[in-house]
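**Q** If you're matching them up, the sequences are chains A and B in order. Numbering (this note's numbering) for the first sequence: 1 to 298. Numbering (this note's numbering) for the second sequence: 1 to 125.
One thing to keep in mind: the hints can contain errors.
Stated by the list, open to error - Chain A regions said to be covered by chain B (calculated; three or more residues, Cβ under 8 Å): (1) 190-200; (2) 261-274.
Stated by the list, open to error - Taking lysine to any residue and the SDA-like style, the derived pairs with C-alpha atoms no more than 20 Å apart in a straight line are: (3) Lys-90(B) <-> Arg-262(A); (4) Lys-68(B) <-> Glu-24(B); (5) Lys-55(B) <-> Pro-29(A); (6) Lys-55(B) <-> Gly-30(A); (7) Lys-55(B) <-> Glu-177(A); (8) Lys-55(B) <-> Arg-198(A); (9) Lys-90(B) <-> Thr-260(A); (10) Lys-55(B) <-> Asp-215(A); (11) Lys-55(B) <-> Pro-179(A); (12) Lys-55(B) <-> Ala-176(A); (13) Lys-128(A) <-> Asp-84(A); (14) Lys-55(B) <-> His-178(A); (15) Lys-55(B) <-> Leu-172(A); (16) Lys-55(B) <-> Gly-218(A); (17) Lys-90(B) <-> Glu-259(A); (18) Lys-90(B) <-> Ala-263(A); (19) Lys-90(B) <-> Asn-258(A); (20) Lys-55(B) <-> Ser-31(A); (21) Lys-55(B) <-> Ala-212(A); (22) Lys-55(B) <-> Asp-28(A).
None of these hints come from the bench; they were simulated from the model. Here a beta-carbon is modelled for each residue, glycine too, at the ideal position from N, C-alpha and C.
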Amino acid sequence: MTPAISVTGLTRRYRGQLALNDVTLDLDPGSITGLLGRNGAGKTTLLRILAGHEFASAGTVAVLGACPVENETVLRQMVFVREDQPYPDLRVGQAVQAASWFYPNWSHELAGALLEEFDLPLDRKVRKLSRGMRSALGIVIGLAARAEVTLFDEPYAGLDPVARQLFYDWLLADYAEHPRTVLLSTHLIDEAAGLLERVVVIDRGRIVLNTAADDLRGAATSVSGPAIAVAEFTAGRSVWNRRRIASQESAVVAGTLNETDRARAVALHLHLEPLTLQQVVVQAAGAPAASQQERTIA
Amino acid sequence: MREMAGLEEGAPLFVQIAERLADEIADGGLAEGEQVPSTNELAAYYRINPATAAKGINMLTEDGLLEKRRGIGMFVAAGARARLLGERRKRFAEHYVEPLVAEASRLGITADELIALIREGSATL
Numbered sequence: 001m002t003p004a005i006s007v008t009g010l011t012r013r014y015r016g017q018l019a020l021n022d023v024t025l026d027l028d029p030g031s032i033t034g035l036l037g038r039n040g041a042g043k044t045t046l047l048r049i050l051a052g053h054e055f056a057s058a059g060t061v062a063v064l065g066a067c068p069v070e071n072e073t074v075l076r077q078m079v080f081v082r083e084d085q086p087y088p089d090l091r092v093g094q095a096v097q098a099a100s101w102f103y104p105n106w107s108h109e110l111a112g113a114l115l116e117e118f119d120l121p122l123d124r125k126v127r128k129l130s131r132g133m134r135s136a137l138g139i140v141i142g143l144a145a146r147a148e149v150t151l152f153d154e155p156y157a158g159l160d161p162v163a164r165q166l167f168y169d170w171l172l173a174d175y176a177e178h179p180r181t182v183l184l185s186t187h188l189i190d191e192a193a194g195l196l197e198r199v200v201v202i203d204r205g206r207i208v209l210n211t212a213a214d215d216l217r218g219a220a221t222s223v224s225g226p227a228i229a230v231a232e233f234t235a236g237r238s239v240w241n242r243r244r245i246a247s248q249e250s251a252v253v254a255g256t257l258n259e260t261d262r263a264r265a266v267a268l269h270l271h272l273e274p275l276t277l278q279q280v281v282v283q284a285a286g287a288p289a290a291s292q293q294e295r296t297i298a
Numbered sequence: 001m002r003e004m005a006g007l008e009e010g011a012p013l014f015v016q017i018a019e020r021l022a023d024e025i026a027d028g029g030l031a032e033g034e035q036v037p038s039t040n041e042l043a044a045y046y047r048i049n050p051a052t053a054a055k056g057i058n059m060l061t062e063d064g065l066l067e068k069r070r071g072i073g074m075f076v077a078a079g080a081r082a083r084l085l086g087e088r089r090k091r092f093a094e095h096y097v098e099p100l101v102a103e104a105s106r107l108g109i110t111a112d113e114l115i116a117l118i119r120e121g122s123a124t125l
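Chain A extracted, bound-state conformation:
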């Protein structure tokens, strides 16, 4: 199976600063991947290079098997929706129409339904729209394009939780009927967690985690209770982080716990709580470079 996106040894330098450092990544066609990481980690740079908006300093990029730069065949099968997308001086209806001409898989039906759902005024100038409405327009185009490769870079600036919920629900519904390769960069990990099949975490220009989202669920557990009992339980285990107050301690233990472990925790009067996807990702992204090896999961 040819990967929908294939990046090898990708490096991007800005005046001596490494925005991307030897990034290698393959994404299968027909999957939704979350691109996660802190601000400035390199997420937008990676997406811009995939979209052909920017060049790599070193390494190779293939989208649908070909280099995306000035490659019309690829560009018509790829949509890139980013935060604060600039539009030429157009009205909403014109922007949507222009997109419908460009993308061969465009769905007029879906575009119409989404424009109505997000309450977008067709005759309003795009630059007169509020920030949230501009984001909604980007989402309409990104979904209605039904492009084989769909890149969303924090697509919801200014959108309230209700509108974001609409975005997730429509993405999921249309993706189910028309599978494609979606790469979604986001900070709102817990909101998007259920959608994601894979999770790629970038930290300081490097990929620090690339795994099936479900493998992260339950991959670490917070153990808390009397410090002596926590020490006994965590002895010999990989511990990510410990916090202590008076005689109480809370530790994050990596790895899945089995029934025996759980019974032991009950006997030691310990409280177990699985980490959410967001918490696991924060642990992974917050790891200092030197100790990343030991934070590898699964």
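Once you have looked at the hints, place chain B on chain A.
**A** Just chain B now, with coordinates in the frame of chain A:
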């Protein structure tokens, strides 16, 4: 977290989907021979990736609890309910009795007191 019809983030979602369906089969909500919801229906209801829902269904299929009818969909296999109830009875001690006894001893409740409490509890059911 986004509302996912009661799914939790702490365990693999496909396992939770399989557990939900197994619960429904055990409770008789999904009768033997009945069609189970499609992958896309499950994905839309739980707000999860369709591939994740499919993985949950596959897990039950591999266990022989669901069976595929080509071109129609997935159905609850014959004998699925009895098998699930049998497995659950076996795990009852581990999942319910052991934690109960552990908590009781922590609170200083004797075995006799615990038995009396269980009698009282089952009388009110």
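**Q** Of the numbered hints stated previously, which ones are contradicted by the structure, given in increasing order?
**A** Result: no hint breaks.
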